[in-house]
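Below are the chains, spelled out letter by letter.
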Amino acid sequence: NAGVTQTPKFRVLKTGQSMTLLCAQDMNHEYMYWYRQDPGMGLRLIHYSVGEGTTAKGEVPDGYNVSRLKKQNFLLGLESAAPSQTSVYFCASSRLAGELFFGEGSRLTVL
Amino acid sequence: GDSVTQMEGPVTLSEEAFLTINCTYTATGYPSLFWYVQYPGEGLQLLLKATKADDKGSNKGFEATYRKETTSFHLEKGSVQVSDSAVYFCALSDQPGGGYQKVTFGIGTKLQVIP
Numbered sequence: 030n031a032g033v034t035q036t037p038k039f040r041v042l043k044t045g046q047s048m049t050l051l052c053a054q055d056m057n058h059e060y061m062y063w064y065r066q067d068p069g070m071g072l073r074l075i076h077y078s079v080g081e082g083t084t085a086k087g088e089v090p091d092g093y094n095v096s097r098l099k100k101q102n103f104l105l106g107l108e109s110a111a112p113s114q115t116s117v118y119f120c121a122s123s124r125l126a127g128e129l130f131f132g133e134g135s136r137l138t139v140l
Numbered sequence: 212g213d214s215v216t217q218m219e220g221p222v223t224l225s226e227e228a229f230l231t232i233n234c235t236y237t238a239t240g241y242p243s244l245f246w247y248v249q250y251p252g253e254g255l256q257l258l259l260k261a262t263k264a265d266d267k268g269s270n271k272g273f274e275a276t277y278r279k280e281t282t283s284f285h286l287e288k289g290s291v292q293v294s295d296s297a298v299y300f301c302a303l304s305d306q307p308g309g310g311y312q313k314v315t316f317g318i319g320t321k322l323q324v325i326p
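Residue numbers (my numbering), protein chains in the order written: chain A, 30 to 140; chain B, 212 to 326.
Just some of the chain B residues that point at chain A, by a computed CB distance under 8 Å: (1) LYS260; (2) PHE300; (3) GLY317.
A few chain B residues that don't get close to chain A, going by computed Cβ distances all over 12 Å: (4) ALA228; (5) THR235; (6) THR237; (7) LYS271.
It should be emphasised that the hints constitute simulated quantities derived from the structure, not laboratory data. No residue lacks a Cβ here, since even glycine has one placed at the ideal position from N, Cα and C.
Assemble the whole structure, with the sequences as input and the hints as a guide.
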């Protein structure tokens, strides 16, 4: 049982480049989330989805877009990367009011 | 809005020492409370949870009691091991409506256990 899988695990971008992080879950969870983790700030919610075809903004959505075309996948896009987006990104999934299941993280560096 | 306060650390303890990591929260309504643990190079995983006042969550020797009167959920373990070295996150979960579970995390407390 793979749980939550994120790809890629590491990526280096130049300012202005674009990229997409892929999250896949095999637990049939309705809810999926993208967080970023920065030193001294804990985890902050970027975007979330309450079901296939629906997405919504979290605390820090600027500079990111998401899509949930299939229930098991949640994509996070950066259209024009900035150094401030250097971070570790975590995807998570859950049932309503249940524990969050996290992926292993994707470390992104923007030069 | 909701918030969770915990010390960042690092907390350094010798093996077999007693551990307490304090967590206090601010929330409207009746949130569920969680402790997540993050081992080096990994994602967060649930350690324990409590869903209502006076509930005690426990797992792997760790315990925490949901104290509504002091708005706290302190994590304790009687005898830590080197393998407990990790970052510990306190979190609360609320449902503000619209079918959405809002989870608010503390900044995480790094624990280092030395032999």
